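Participant: These protein sequence lines map, in sequence, to chains A and B. Number 66 in my numbering belongs to position 53 of the first sequence; there are no gaps in the numbering. Number 659 in my numbering belongs to position 23 of the second sequence; there are no gaps in the numbering.
These are calculated hints, taken from the structure and not from any lab test. You may find that some hints are simply not true.
[Stated by the list, open to error] Computed from the model, here is a short list of chain A residues facing chain B with C-beta under 8 Å:
(1) S42
(2) Y46
(3) A98
(4) F101
(5) E117
All of these numbers come straight from a predicted model, not from anything done at the bench. All C-beta atoms, glycine included, are put in the ideal place defined by N, C-alpha and C.
Listed here are the chains, written in short residue letters.
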Amino acid sequence: ELKVEQNPLFLSMQEGKNYTIYCNYSTTSDRLYWYRQDPGKSLESLFVLLSNGAVKQEGRLMASLDTKARLSTLHITAAVHDLSATYFCAVDGETSGSRLTFGEGTQLTVNP
Amino acid sequence: DAGVTQSPTHLIKTRGQHVTLRCSPISGHKSVSWYQQVLGQGPQFIFQYYEKEERGRGNFPDRFSARQFPNYSSELNVNALLLGDSALYLCASSTILRDRVGGQPQHFGDGTRLSIL
């Protein structure tokens, strides 16, 4: 059974600081996704990582994937309040269909 | 372009009742998946349908069923509702069965929040 673990689960940080969210998964997969969820809202796709060593950046967020270590990171640079949300990583471990297994989520709060 | 639309947005039921949730995928998307998100947790996969056929089922009891129509819209049915079925039910659509090379993420609707009293 595929397991996905994120840490930390809760993150409170000050504006302007940097931090990294970690996502570990238990079985071989070459498809990892990062989503953002605001309170009471649905999931917004942030990044799709398909291969070992993949790195993608959008604004203050940068995601990377190490398939050998079964690890993805989401790095936040110079955080701003608008980044406050819950961030999920999800792994697609299926070989025929598509089935996302999500981590527990990291609730990020950026304080002024 | 319209995104994934789900109805209703909120629903209150009592234990033992049944419920039908509806989802219309993005135009051109043939795959619809359903996820259950309990408060404070990540979404859990329930079903995937593609071209009107079930292509994947998560670890949910037989009280949960779904179907996909010729226009690719989908319904999720839950019978004999339990308190533990209270959750946000998310529908996601994508163009293909499996994202092999394009890195196409699934697009999620706003969900139906189901409360069981």
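Participant: A separate judgement is required for each hint: does it hold in the structure or not?
Facilitator: To see whether the hints hold, each was checked on the structure:
At a threshold of 8 Å, the smallest CB-CB gap from A/S42 to chain B is about 12 Å, leaving the interface hint violated. Checking A/Y46 against chain B by beta carbon gives a least distance of about 5 Å; that is within 8 Å, so the hint holds. With its C-beta approaching chain B no nearer than about 14 Å, A/A98 sits outside the 8 Å limit, and its interface hint is violated. Nearest Cβ of chain B to the Cβ of A/F101: about 5 Å, under the 8 Å cut. The hint holds.
Evaluation of the A/E117 hint against chain B yields a held restraint, the C-beta minimum of about 5 Å falling below 8 Å.
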